[in-house]
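Chemist: These protein sequence lines are chains A and B, in that order.
Counting from 1, one number per residue, gives the positions in the first sequence under our numbering.
Counting from 1, one number per residue, gives the positions in the second sequence under our numbering.
None of these hints come from the bench; they were simulated from the model.
Restraint-style ranges between C-beta atoms, simulated for each label pair: (1) Thr261(B) <-> Ala93(A): 55 to 61 Å; (2) Ser206(B) <-> Ile226(A): 48 to 54 Å; (3) Ile23(A) <-> Arg164(B): 19 to 25 Å; (4) Gln163(A) <-> His106(B): 36 to 42 Å; (5) Asp57(B) <-> Leu187(A): 57 to 63 Å; (6) Ser184(A) <-> His106(B): 56 to 62 Å.
These numbers were taken from a predicted model, which means no experiment stands behind them.
Backbone N, C-alpha and C define an ideal beta-carbon position, used for all residues, glycine too.
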Amino acid sequence: MGGTLALTRAELMRLTRNKRYFIFTVLLPVILYLLLARQFTGKVYGVSFGAFYMVDMAMLGAFSGALNGNAIRISQEKKEGWIRQLRLTSLPAYAYVVSKILVSMATTLASIVIVILLGRFYGNVHLAGWQWPVVALTVWFSATIFAALAVAIGYKFAPDQVQPITMIVYFSFLILGGIWYPLSGALKTVGQLTPTYQAVKIGTDIIEGASVSMGLAIGLVVWLAIFIGLAVVAVRATAETV
Amino acid sequence: MSHYGTGSSTARRDGGTNGYGTDRDYQNTAVYASTGSTPVVSFVNVSKTYGSLKAVDGLNLDLRPGETTALLGPNGAGKSTSLDMLLALRKPTSGKITMFGSDPYHAVKSGRVGAMLQSGGLMPEVTVRELVTLVTTLHPKPEPIDLTLKRAGIDKFADQRVDRLSGGQTQRVRFALAICGKSELIVLDEPTTAMDVETRRLFWDSMKAEVAEGRTLLFATHYLEEADQAADRILVINRGRLLADGTPAEIKAKAGARRITFHLDRADEQFLLGLPGLVNVEVRRDFVQIQTSDSDATLYGVLDAGLRPRDIEVTGLGLEQAFIAITAEDDRANGTEETN
Chain A
1 MGGTLALTRA ELMRLTRNKR YFIFTVLLPV ILYLLLARQF TGKVYGVSFG
51 AFYMVDMAML GAFSGALNGN AIRISQEKKE GWIRQLRLTS LPAYAYVVSK
101 ILVSMATTLA SIVIVILLGR FYGNVHLAGW QWPVVALTVW FSATIFAALA
151 VAIGYKFAPD QVQPITMIVY FSFLILGGIW YPLSGALKTV GQLTPTYQAV
201 KIGTDIIEGA SVSMGLAIGL VVWLAIFIGL AVVAVRATAE TV
Chain B
1 MSHYGTGSST ARRDGGTNGY GTDRDYQNTA VYASTGSTPV VSFVNVSKTY
51 GSLKAVDGLN LDLRPGETTA LLGPNGAGKS TSLDMLLALR KPTSGKITMF
101 GSDPYHAVKS GRVGAMLQSG GLMPEVTVRE LVTLVTTLHP KPEPIDLTLK
151 RAGIDKFADQ RVDRLSGGQT QRVRFALAIC GKSELIVLDE PTTAMDVETR
201 RLFWDSMKAE VAEGRTLLFA THYLEEADQA ADRILVINRG RLLADGTPAE
251 IKAKAGARRI TFHLDRADEQ FLLGLPGLVN VEVRRDFVQI QTSDSDATLY
301 GVLDAGLRPR DIEVTGLGLE QAFIAITAED DRANGTEETN
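The shape of chain A in the complex, shown without the other chains (with noise of 0.2 Å):
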């Protein structure tokens, strides 16, 4: 576990560096709670639109930082052979997917919380205590379950293929998923099956007061088998190649 930390160390250190993802991880969410949140009254999902918005930007921010960096990320150091490098380590052979997925988690934590706070002091959201966190870690766990997905693409795909297919699968997930634009009507029937709307609603649903529907963390939890299912699958298909 020791070696799984230093890793994840090392992985930390590279990300500060990396402008390009902190622009989509924490300016863009960030800049559009600013632009929006006070632009906007009445309810969305029962709750204020400025309440909506900070668990929808949280949401934008936490799995676009999952998904996008991290599939490009792990198809380049695939094909350059970082991977193979580490094999050679004493490392266990789990370790650079683990460590991947705990940076995407400590990044993503970071832009949840700016996010929050904004919400907090900028958007006036008024919660309980407990609601805090509870919303928190609701959408980190949900924004954790891209990495898997990117894992897989990852893994399955090479660098020029991974750009345009994560950014399919990106548009799609906002999309379809609310995040964009809040779901209404025939959007909605297939939209309410993404895991994008299940985190922001089940994140209103407790900010509302109301109780939170057993289908919509049910379908956060088959998406996140789904996408370990795809990840195992693309891992172990290229035991002998990476």
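Starting from the known structure of chain A, arrange chain B on it as the hints suggest.
Modeler: Using the frame of chain A, we list chain B on its own:
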């Protein structure tokens, strides 16, 4: 002559008899090579097939402690595949590889092997020092980081970013990762690719210092000069099979260490084939070219038969010609002349 055998003579050029080099070096070997003459690595009938292609075909070999061995072969001979299997990156289709009495995976994970792969990459966006520090931290028996940087000759650019180095500098960083722990076996796959002549010389100097400590070294190369100068022992492989195994001098002798050429009217190939020391003969009209392991005896044989050839030339063959002769012979025996 279609068979060069796999001689097992292992005389070291430095004259050491204990397998560890000189007695002075022996003082430093306590950390390494404590297994006596038990092989560090052994391949028993190892094969690897990709679909219908046999990349490695029934390979048998042993590496003894303290020995520097070159794995020599043309591109596609199975060098990289063999090293990949040795390092547990690929599984043999059949056969068994043992390293330090255990399987390759456990030997690698216990830090007993340091390796530098052609296909091995470096983590980008970090400095050379940060990368070496990381990999050193992961090693069960780490060397001091500053020592590694110095030995690999990368201390001058230790604070530069890994992704901004030249090809030769990158190779030296890879080398640093192979020697950053007290590994008993060092495996290098074409280590001096992308290095200029001067860097290559510096590289081998630092490599020799590593070996002087009693480490076992296996390196793949297609620079014959390198194999000749650096190795105690050369394994020639082609088409995934071991063609020759011996000291550089023995390898040269096997292919016929000297070449004799002369002109002779009505040269009788059958007679020439019977000459002492002869390895190979080619007759084109009145021009005769002979490869021999004993040029004196061969030439006396010609003269004793009463023949009087003209324009006699005797030339020593380098390892390169020996290597070409051995692999070309193998290709002929397999009925597929090399086309490139």
